[in-house]
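**Q** Residues per chain, in single letters:
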Amino acid sequence: MNWINNVVRPKISGLLSTAKRDVPDNLWVKCPDSGQMVFYKDLEANQFVVPGSNYHMRMGSQQRLQHTFDGGEYRVVPVPTVQQDPLKFRDGRKYTDRLKDAKAATKLDDAVLVGEGELDSLPVVAAAQDFRFMAGSLGMAAGEAIIAGMQRALDLRTPFILFAASGGARMQEGILSLMQMPRTTIAVQRLRDARLPYIVVLTDPTTGGVTASYAMLGDIHIAEPGALICFAGPRVIQQTIREQLPDGFQRAEYLLSHGMIDMVVHRHEMRETLARVCKLLMSGVQATKAKDTRKMNGKPYVNGASVDSKVIETAARESGVVEPEAVPNSQRFEPGKGDKPKRDEGGSSTSANPKDAPRGA
Amino acid sequence: MNATTALRTYLDFEKPILELENKVAELKAMQTEGKGPHIADEITKLEQKAKAALADTYAKLTPWQKTLVARHPERPHALDFIGGLIEEFTPLAGDRYFAEDEAIVGGIGKFRNRSVVVLGHEKGADTEQRIKHNFGMARPEGYRKAVRLMELAERFNLPIITFVDTPGAYPGIGAEERGQAEAIARSTECCLRLGVPIVTVIVGEGGSGGAIAIATANRILMLEHAIYSVISPEGAASIIWRDSNKKEEAATNMKITAQDLDQLGVIDAIVKEPTGGAHRDRESVIIATGNAIARMLSEFDGKSAEDIRAQRHERFLSIGR
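One line per chain: the protein sequences are A and V, in this order. When we follow UniProt numbering, the leftmost residue of the first sequence carries the number 1, and every step to the right adds one. When we follow UniProt numbering, the leftmost residue of the second sequence carries the number 1, and every step to the right adds one.
Any given hint might turn out to be false.
To be verified - Listed below are the simulated DMTMM-like cross-link pairs for lysine to aspartate or glutamate, each with C-alpha atoms no more than 20 Å apart in a straight line: (1) A:88 x V:249; (2) A:88 x V:42; (3) A:94 x V:42; (4) V:23 x V:42; (5) A:279 x A:262.
What the hints assert, rightly or not - If you want a taste of the chain V side facing chain A, the calculated C-beta under 7 Å gives, among others: (6) 181; (7) 253; (8) 265; (9) 266; (10) 270.
Since the hints were made in silico from the structure, they are not lab data. Here the structure is a predicted model, which means the values were calculated and not measured. For each residue, glycine too, the CB sits at the ideal point set by N, CA and C.
Can you make the complete structure from the sequences, with help from the hints?
**A** See below:
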């Protein structure tokens, strides 16, 4: 899919720059699915879904957030800075140089961008992973961004929406990238403990350590049509087992039929779906919250401790209370004393005396 | 000694040691034929030389050489550690959803007089066993079994010991079909949720997500020549360098040795191996590992479930900060 990036990348980065666009408006983009040629402008206007074939092209994180929040407006959630290049990694080129390039090309700090704003008037925090930034790989910065985003949702008590897109762990950060798997999982658990919805949108492609951690731990998993979602990529599997992979293997629809995701949703319906799902889940959360503020059904929540709590009187109340009855010694059941009726040996005093049966029963 | 010398697998960089040891063996054979007393001195000298060469080689192993040692076929595997350290070991099987995956072995038993749950990747000691255990590469069922056993541990308040030794999770059609990624994610999550202490020992290869799924522990120990990495040196070489011959460079750059990871604050302690690696004296390394585990576990005696959980969270969140 490299050639797609090659075609799209200059366009998107051009679009992002605040300066005058250096992209000609009449540029054509070829649909990787149908091969049809589309105007870049048309594609952009259609949220990067090819109009004829419905092919969902990859999207930058800024555009993704713009298309998610009401009026395209959001505030960027700050992310703590991390140590750059902790391993002093070089593979012919320095990792720091690669980072610099990626930052310049995308105008992003790293692969994850977090924003807060409103989705159909519901406050939410959303994060988008950008595949253009070193294949959306999960390193320390991206890990901190996920953690900071989830923490922000906790602070604001809002749902957290994640648009996942990643080639996996950032290998240039070695074991420290692997450590982002448990680290981000801790943040997911905190959201869960706070009963805040965590919605994952799996976009093309979501793979490796990202799928094997926070991207597969959502309350609800939504995928975009045709998205590649996997742990080990198709090429790795093919090299290992050396046989033909099934049709549509590891695509969104395949995951849906294998029970790994809840739904496949067209990008044009994503906002509406996310809003509906978040609101449905949040209404439950808000009801729980109301309890905390000592209100229930609009009335003070008393938890059984109030002196003036109203008790609904029922007929059962009169008859349901069994008063202790004084039983004269002569009537008490005593085993071994033969001067009492013997028809109920070993029975309890209640059953021996029919008039003691619960009244009103 | 002679018998084991003949049977032992020697790694490429151990060839000079092999030659010396062979020479010693030859001379000893001559001595038994009665070829004069002056050979005895020669034998002692050569033996010392071989010993020195071994110590010397193992004192400065490169990361790639450590990778080879970590994968050495005679290195003690999870079942060897379990056999040496766990009494009344009772293996438990199955994920209760689909299958039994023998790439991850586990069960209950007694470790130094306390009941524990044990888990580990098992690579297998011979061809038949390796196939049976799928070379220590687990499928989703393995991780789901791990979750099942960890939840059992939580229910009965038993500490957990895990032995990590895997090239990584198995990449196959069935594994993907049944949710390999989800299974790993849930297993990591389960580790983080528990209120009982978890002690992990990376005994050989700690291969990426396949390892972290049962290595998200309160204390992480690593054998001296074990490796732990986000991707194998070969994988990194072909993906980052686009040249599979760069595996030695990749091994060095990725910082995968116990010593590197200790510096990065990813592990808590290194268990020293005998001169010439764990495979030259399995018994002593197993005992040393047991001692280290006992020390780590005792640190959690009397701690509340909340404290144990909070320590584990803090431990991981502080990495890299």
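**Q** All hints, please: hold or fail.
**A** Against the structure, the hints come out as follows:
1. Of the supplied pair hints, the one linking residue 88 of chain A and residue 249 of chain V holds, its CA atoms being roughly 13 Å apart against a limit of 20 Å.
2. For a cut-off of 20 Å, the pair hint linking residue 88 of chain A to residue 42 of chain V is broken: about 48 Å separates their Cα positions.
3. Among the hinted pairs, residue 94 of chain A with residue 42 of chain V is inconsistent with the structure: their alpha-carbon atoms are about 52 Å apart, more than 20 Å.
4. Taking the CA atoms of residue 23 of chain V and residue 42 of chain V, the gap is near 10 Å; set against the 20 Å cutoff, the hint holds.
5. In summary, the hint linking residue 279 of chain A to residue 262 of chain A is supported, as the alpha carbons are separated by about 17 Å, within the 20 Å threshold.
6. With a least beta-carbon distance of about 4 Å to chain A, the hint placing residue 181 of chain V at the interface is held under the 7 Å criterion.
7. Checking residue 253 of chain V against chain A by beta carbon gives a least distance of about 6 Å; that is within 7 Å, so the hint holds.
8. Interface restraint check: residue 265 of chain V against chain A, minimum CB-CB distance 9 Å, threshold 7 Å, status violated.
9. Contact between residue 266 of chain V and chain A, as hinted, is supported at the beta carbon level, the nearest pair being about 5 Å apart and thus within 7 Å.
10. Residue-level restraint check for residue 270 of chain V is violated (minimum Cβ-Cβ distance to chain A is 15 Å; threshold 7 Å).
Hint compliance for this structure: hints 2, 3, 8 and 10 are not met, and every other hint is.
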